[in-house]
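**Q** Sequence:
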Amino acid sequence: MKARGQKSDQNKAHKLAKDLEYFPKFWEASSTRGCKTVEARLEFYTMSTSDGNCSVTMSTSNKYNALKQMNKESKSSVVVKSLDPINYEWQQIFNSHESCDSKWISFNAEGLRADVESKLIGQHIASSIILKAVEGFMSDTNPQKPLVLSLHGPSGTGKNFVSKLIAGNIYKEGMDSSFVHIFISTYHFPHQGHVDLYKTQLQQWIKDKITHCERSMFIFDEMDKMHPGLTDSIMPYLGYHNKLDGVSYRKAIFIFLSNAGGEIITETALKFWKEGKDREEIELKDLETLISATAFNNNNSGFWHSSLIDRHLVDFFVPFLPLQYGHVIICAMATMKARGQKPDQNKAHKLAKDLEYFPKFWEVFSARGCKTVEARLEFYMMSTSDGNCSVTMSTSNKYNALKQMNKESKSSVVVKSVDPINYEWQQIFNSHESCDSKWISFNAEGLRADLESKLIGQHIASSIILKAVEGFMSDTNPQKPLVLSLHGPSGTGKNFVSKLIAGNIYKEGMDSSFVHIFISTYHFPHQGHVDLYKTQLQQWIKDKITHCEHSMFIFDEMDKCPPGLMDSIMPYLGYHNKLDGVSYRKAIFIFLSNAGGEIITETALKFWKEGKDREEIELKDLETLISATAFNNNNSGFWHSSLIDRNLVDFFVPFLPLQYGHVIICAMATMKARGQKPDQNKAHKLAKDLEYFPKFWEVFSARGCKTVEARLEFYMMSTSDGNCSVTMSTSNKYNALKQMNKESKSSVVVKSLDPINYEWQQIFNSHESCDSKWISFNAEGLRADVESKLIGQHIASSIILKAVEGFMSDDNPQKPLVLSLHGPSGTGKNFVSKLIAGNIYKKGMDSSFVKVFTSTFHFPHKENIDRYKTQLQQWIKDKITHCERSMFIFDEMDKMHPGLTDSIMPYLGYHNKLDGVSYRKAIFIFLSNAGGEIITETALKFWKEGKDREEIELKDLETLISATAFNNNNSGFWHSSLIDRHLVDFFVPFLPLEYRHVVICAIAAMKARGQKPDQNKAIKLAEDLDFFPKFERAFSVRGCKTVEARLEFYT
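The opening position of the sequence shown corresponds to residue 1 in full-length UniProt numbering, with each subsequent residue numbered one higher.
Everything labelled a hint here was simulated from the structure, so no lab data went into it. This one's a predicted model, so the numbers in the text were calculated from it and none came from an experiment. Just to be clear, a hint being listed does not mean it is correct.
Said to hold, decoys possible - Listed next, with one range per pair, are the computed distances between beta-carbon atoms: (1) Ser772 x Lys944: 43 to 53 Å; (2) Asp948 x Gly675: 29 to 39 Å; (3) Glu933 x Asp613: 36 to 46 Å; (4) Glu275 x Ala449: 51 to 61 Å; (5) Lys695 x His975: 15 to 25 Å; (6) Lys360 x Asn300: 17 to 27 Å; (7) Glu618 x Val38: 50 to 60 Å.
Said to hold, decoys possible - With a cut-off of at most 30 Å between alpha-carbon atoms, the simulated DSBU-like pairs for lysine-lysine come out as follows: (8) Lys955 x Lys672; (9) Lys695 x Lys944; (10) Lys877 x Lys507; (11) Lys895 x Lys851; (12) Lys285 x Lys7; (13) Lys353 x Lys620; (14) Lys243 x Lys207; (15) Lys682 x Lys941; (16) Lys921 x Lys682; (17) Lys843 x Lys913; (18) Lys353 x Lys277; (19) Lys18 x Lys274; (20) Lys834 x Lys862; (21) Lys695 x Lys612; (22) Lys1017 x Lys1007; (23) Lys271 x Lys285; (24) Lys542 x Lys199; (25) Lys274 x Lys285; (26) Lys2 x Lys243; (27) Lys672 x Lys682; (28) Lys944 x Lys685; (29) Lys586 x Lys438; (30) Lys7 x Lys18; (31) Lys172 x Lys337; (32) Lys578 x Lys251.
In this text, a Cβ means the ideal position worked out from N, Cα and C, and glycines have one as well.
My request is simple: use the sequences and hints to build the entire structure.
**A** Right, dumping it as structure tokens:
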């Protein structure tokens, strides 16, 4: 004090000394820090009030002004490190006009005081320490060392925000100053193996910046995710050295931000609360030692055994307390006022009430602090007078729900195509499209109308999405990007609602070059390449937003995303003004996931059992459960993700499972959208034949509305009584195999694997073209073939005829046709594939647009599965690029390597385009013996009960077949996304053939050969075949498979 020319004050000296840490425990004889931090801390005490109380008090009116200018945050011209995996070069963005003098750097003490008092909510300790520490440091023309502050506490309590307040009152450009530098652990130092290189770069960077301006500020965010030991490399710069290599670092400011210590801070705050004490009674000395010890001993923290702590180079460990209900109210009221809206206490209470609080039972502290108040506020400000945001739909509106679903915009999706050697990113874009109001203009009324009429059965999702998107798009200066995470069972509308959002923002909808889709299994298939994906994904998003700040990014299959990958983009989703000179705050990020589907379904079922209406389910009933489930699922892309624990997801949006009535609405709306007269009887028939769960109650549709479009044709083409079975006269059956010996030669495109080169070989008809001359669907021909040639398969005949005819007559199908044919060998699965091809392609199976893959031939080696995945994706992409009406047949699916077909799952979904290619007009047919046993058991049961086999219906078998294939760990469908995402339109059962069917096959084969049919010889041939079971001899072991070959023996 004396050296500073101040009057010595023994009381303040005692107060300072008393608040330091002493050791050993119990005796506390010696100062842990000696006199090392006395100089830095002295200002804190000499500026105190007469009673030594440094706390900052805030009047209610001041608190209401707390966030008044939060939406006017200064633009951050942040200097960051962009790592090229080869060169590791540092890229700099700076304001060339800015100079290191009083014109650009001038501390505004009163401004900082006013900002801290009015804008930093509920942080009396942090407010006091920061105000005094910064004011004392900046008023000292010759400080002994840099100012080093370490800010600790739960997410959403103001650590980042207060750093901006400090910068805003020192630098004219605030966070946009070229003298303010931010380092984010997961962004700038992502790779553990490069720590030594980071150390060298970091030292050089700081030295260069301070050489240029000694009043520089360095902010290190995510210290709890920093590689241990890295910050020790800058330890010399933080000490009491006059100069190092001729450079003085003593006028710089270093701020570290960390969630580490958050638990101990919360425990202390909770202890005071339980004891009935006011939180303002908590003092720095109650927490500082605990925080530093926690950070020092946490081996996952950047402070682990750090010299910055044990050398006492951190001047203050500043605790940020968890916020309570009242603080959230203040945040909400202040935000309303800052937006120029009239503060509404009722809505502020409603917002605060709907947030998550902890710990369980007491619910004292907000789990997100004030972090999502700004993003969520619009949801409440746009509510009706009673605060109810639910979207209601009239029956007539619901009937219009899918009117234009078959007119979906074409998706010009920007995606990453991974070549296993080059890993190059390929871009498809509309060169004519520009990032301006001509191409990007939010249609609020359009989105409202679409959600009300097209999104069936999702009152929570409709309400949240409408308010969140409308609020975000109406804000010209949002604090952060809009981040939505959509969760729920398959088929409930998650992908569909993303299209609705895009369609009402971008003129080109999903076809816009500013909409980018990433599909986990397609873009990030290899777990071993996660570090590379991180670098590519960061660069990709940066490039896209640099081109257009109003970009949208959709991440599908988050439950299949490699854990940790999404943390690489976490900095882009936060409250940073800029990173590398780029602002990400106007972008939209949407994550789609099935994770949480079980808990959503359980909640919906609970309401149903209690006799409550599903519309009574609210967001607060589900959101916390969903986020916790996603966070703790170690197979999910959200596993222990910073996106969740940093509260960067604005809303976790639940999509409820759909009930019988919703399926009816979907079917009726689809009929209307097709220009057909809605037929309630057929809609009921379709809905009735779907699978529902749980067992016994059968409340919810297992597929939602996902397969309604594909299945509808099956019912619309039925006879008046709804019976779709195909009947065949005996004479027709005698004609069954008339032309079987004239089968077209198959010019099949196949992959021949050389075990060394793995090259794909192509055989094709060079003269064939992808037009109506060579591709023309013959509906009558297929009907005649199925009726006369497919023996004993009434279910398969009916389904295949209707499914193919419906698909081929649709000029704009929503997805490819996907059929999975199951049954015992010799029942006609391969044969019917040939019938389909023969009635679509002029060359039939000989067409260059028909590709057959046989598991044991094309994919023989299990150890090469990753290579097969890449090749298969590329092969299909190339073929469909050449002709969108291609057909792919996968034989021996029961011998396919599990997981291989998941690599093509994105091609089978409801995406408009992938890599600029539309797969929606292709046909995929899977052939499998899996499920044959369950089909045979069902047929035998009917036979024993004396029932006609024609009484067996699809609904008796389809669910059993899909479950059997899904749970068979030797099958290509084992735990396959093709099944659990409901991408297979029909699982088609082929029944085992009986004695009479073999006789018909034999007679038809004779006739087809030009021989006179001989019933005795046909019977003899049939009698000599093997039948099963042993005593009943009901079914042919080989079906009709060997009839043709054996016939010569009898004739």
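**Q** Each hint: holds or not?
**A** So, going through the hints one by one against the coordinates:
At roughly 51 Å, the beta carbons of Ser772 and Lys944 sit within the given window of 43 to 53 Å. For Asp948 and Gly675, the hinted distance range of 29 to 39 Å is satisfied, since their beta carbons lie about 38 Å from each other. Between Glu933 and Asp613, the C-beta spacing of about 43 Å keeps the proposed range 36 to 46 Å intact. A hinted range of 51 to 61 Å for the beta carbons of Glu275 and Ala449 is consistent with their spacing of about 55 Å.
The supplied range of 15 to 25 Å is met by Lys695 and His975, whose beta-carbon atoms lie about 21 Å from each other. Here the CB-CB span from Lys360 to Asn300 is close to 25 Å, well matched to the stated 17 to 27 Å. Separation of Glu618 from Val38 is about 55 Å and conforms to the stated range, judged on CB atoms against 50 to 60 Å. Only pairs whose Cα atoms come within 30 Å are accepted, and Lys955 paired with Lys672 is accepted, the gap being roughly 26 Å.
For a cut-off of 30 Å, the pair hint linking Lys695 to Lys944 stands: about 26 Å separates their Cα positions. Distance hint between Lys877 and Lys507 is fulfilled; the C-alpha atoms sit about 27 Å from each other, no more than 30 Å. For the hint pairing Lys895 with Lys851, the CA-to-CA distance comes to about 18 Å; that is within 30 Å, so the pair holds. Distance check on the hinted pair: Lys285 and Lys7 sit about 25 Å apart at the alpha-carbon level, within 30 Å; holds.
For the hint linking Lys353 to Lys620, the alpha-carbon distance of about 9 Å falls within 30 Å, and the restraint holds. Of the pairs offered as hints, the one joining Lys243 and Lys207 holds, with about 11 Å between alpha carbons and a cut-off of 30 Å not exceeded. With a C-alpha separation of about 29 Å, the suggested pair Lys682 and Lys941 falls inside the 30 Å cut-off, and the hint holds. Note on Lys921 and Lys682: the hinted pairing holds, with a Cα-Cα distance of about 26 Å set against a maximum of 30 Å.
Only pairs whose Cα atoms come within 30 Å are accepted, and Lys843 paired with Lys913 is accepted, the gap being roughly 28 Å. The suggested pairing of Lys353 with Lys277 holds, with an alpha-carbon distance near 23 Å, which does not exceed 30 Å. With a C-alpha separation of about 27 Å, the suggested pairing of Lys18 with Lys274 holds against the 30 Å cut-off. For the hint linking Lys834 to Lys862, the alpha-carbon distance of about 29 Å falls within 30 Å, and the restraint holds.
Of the supplied pair hints, the one linking Lys695 and Lys612 holds, its CA atoms being roughly 20 Å apart against a limit of 30 Å. Simply put, Lys1017 and Lys1007 have alpha-carbon atoms about 13 Å apart, close enough for the 30 Å limit, and the pair holds. Between Lys271 and Lys285 the CA atoms are separated by roughly 15 Å; this keeps the pair inside 30 Å, and the hint holds. For the given pair, Lys542 sits about 25 Å from Lys199 by alpha-carbon distance, which is consistent with the 30 Å threshold.
Taking the CA atoms of Lys274 and Lys285, the gap is near 20 Å; set against the 30 Å cutoff, the hint holds. Distance hint between Lys2 and Lys243 is fulfilled; the C-alpha atoms sit about 25 Å from each other, no more than 30 Å. Among the hinted pairs, Lys672 with Lys682 is consistent with the structure: their alpha-carbon atoms are about 13 Å apart, no more than 30 Å. For the suggested pair Lys944 and Lys685, the alpha carbons sit about 28 Å apart, so the restraint of at most 30 Å is met.
Restraint check for Lys586 and Lys438: the C-alpha separation of about 17 Å stays at or below 30 Å, so the hint holds. For the hint linking Lys7 to Lys18, the alpha-carbon distance of about 20 Å falls within 30 Å, and the restraint holds. Taking the CA atoms of Lys172 and Lys337, the gap is about 26 Å. The hint holds against a cut of 30 Å. Under the criterion of a C-alpha separation no larger than 30 Å, the hint pairing Lys578 with Lys251 is consistent with the structure, at around 25 Å.
The structure shown violates none of the earlier numbered hints.
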